[in-house]
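Protein chains: 2
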Amino acid sequence: MNALPGEHIVKSFDTELQRLTGEIVRMGEIAAAQVEDAIDALVRQDAIAAGRVVREDRRIDELERIVSHDVLHLLVMRAPVARDLREVLAALRIAADIERIGDHAANIARRSVVLREGMPDPAAGLPMLVDLACEIVREVIGAYADRDVGRAIAARARDAELDALYISLFRSLLTYMMEDPHWITPCTHLLFIAKNIERIGDHATNIAENVWFLVHGDTPMPAREKVELPMYDD
Amino acid sequence: MNALPGEHIVKSFDTELQRLTGEIVRMGEIAAAQVEDAIDALVRQDAIAAGRVVREDRRIDELERIVSHDVLHLLVMRAPVARDLREVLAALRIAADIERIGDHAANIARRSVVLREGMPDPAAGLPMLVDLACEIVREVIGAYADRDVGRAIAARARDAELDALYISLFRSLLTYMMEDPHWITPCTHLLFIAKNIERIGDHATNIAENVWFLVHGDTPMPAREKVELPMYDD
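Protein chains in written order, with the working numbering: chain A, 1 to 234; chain B, 1001 to 1234.
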């Protein structure tokens, strides 16, 4: 169908940016749900559900490709500058962090299958760790959707809670391993699962920092309270 | 001093791209050296050298900021398209992967300090793992410097060797832990150090894929032989 005279098919930059934001928010929602599904599969020892999480990760990868494609398109067609350029670059980086969160969910699901002897006691602390991680992820995605720097800063601050929970779980897993060697193999996998969740918090932090960057550019983001924990700080 | 008539201060895109490439190659060299220094500090149980690796990581972070800044500048001033745009985006991504390799080196150095009782026997396999990882990193950086897709593909293929070495080390660490509980804590740290090195291989793979992307765009890179190792595949 031909366009009527006066109509134009060139969408405004804002419309395209809104679409990009929508894609990223959707990616973020899927990634958070994937993390929850992965730990749910672990707790219920449901290998089918775990396999579903592993397969669903492709959807997030595909969304990241769409975002990258849209970003390339915007850069070529609009040659944006200043805040518009920061919007586009922040979108690219945030999508990359969400994609990594999705990878961690898939890794958790893969490892959950290895714990063949049922959900071990030492794993009891994992759901709380996951709940907090997903809460932080949803907060930073919400902060991005609203370009709300204050909310991004508040969400980032909660990463310290996640680190503290992770360390306490790490120590408890070591104790199990020392008390009974039969825990060594399952607890090793649980250690890596816990580390995956702790890393999700780091990606949420990156997202919060990108919300700051897109609003304030290279002005440094206010420092956050962070306990130096060299032993566990990967 | 004023420019002479006929002189111009606008550098060509190629010159700026060369500078960007040079910055990234330098980042890559520093990152590979940092990984080697970190494991060297671990083997010699040299806390001062380990501290140096942790501090030096800031140099890599600073170089990444310079690259990001230069990329922004190029995007704004040149509004590149096609291969030029891919060059700029690949530079951004490769710098991000090198920055993560630097983080892994710093993490290894931090953990090496925790192994206070001297270099434990189970760590004997680590230097070989590091040598291979650094070899692959140098290969992909060289492939990037020369825009040599064949070399990038060959380097990426070697990640399977690294995975196999990692798995064999992982199993050996588990065996130590089961034989004697006093190995549990040090071996847990060694497990995470080994995982850091294995992850360096994944970042090298990403770099190889970006060399492909900048030359061939969205054409898919040939698949590689990859054994599915769900247990250890983080």
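It is possible that part of the hints are untrue.
Partial pick of chain A residues on the chain B-facing surface, computed with a CB cut under 8 angstroms [what the hints assert, rightly or not]:
1. Leu72
2. His73
3. Leu75
4. Ala79
5. Leu85
6. Leu126
7. Met128
8. Leu132
9. Ile184
10. Thr188
11. Leu191
Just so you know, the hints here were simulated from the structure itself, not pulled from any lab data.
No residue lacks a Cβ here, since even glycine has one placed at the ideal position from N, Cα and C.
Holds or violated: is there a CB of chain B closer than 8 angstroms to the CB of A/Leu85? 6 angstroms, holds
Would the hint on A/Thr188 be counted as holding, given a Cβ-Cβ threshold of 8 angstroms to chain B? 6 angstroms, holds
Could you check if A/Leu126 really has its C-beta closer than 8 angstroms to a C-beta on chain B? 16 angstroms, violated
Any CB of chain B closer than 8 angstroms to the CB of A/Leu191? Nearest chain B Cβ about 7 angstroms off; hint holds.
At a threshold of 8 angstroms, is the proposed contact between A/Ile184 and chain B supported by beta-carbon distances? Result: holds, 5 angstroms to nearest chain B Cβ.
Hey, does the A/Leu75 contact hint survive, CB to chain B under 8 angstroms? 6 angstroms, holds
Quick one, is the A/His73 hint okay against chain B at 8 angstroms, beta carbons? 11 angstroms, violated
Is the interface hint for A/Leu132 satisfied, with its Cβ closer than 8 angstroms to some Cβ of chain B? Violated - the Cβ of A/Leu132 stays beyond 8 angstroms from chain B, reaching only about 21 angstroms at its closest.
A/Leu72 as an interface hint toward chain B, with CB separation required under 8 angstroms: 7 angstroms, holds
Residue hint A/Met128, partner chain B, criterion CB-CB below 8 angstroms: 21 angstroms, violated
Should the hint that A/Ala79 touches chain B count as held when the rule is a Cβ pair under 8 angstroms? 4 angstroms, holds
Of the numbered hints stated above, those contradicted by the structure are hints 2, 6, 7 and 8, listed in ascending order.
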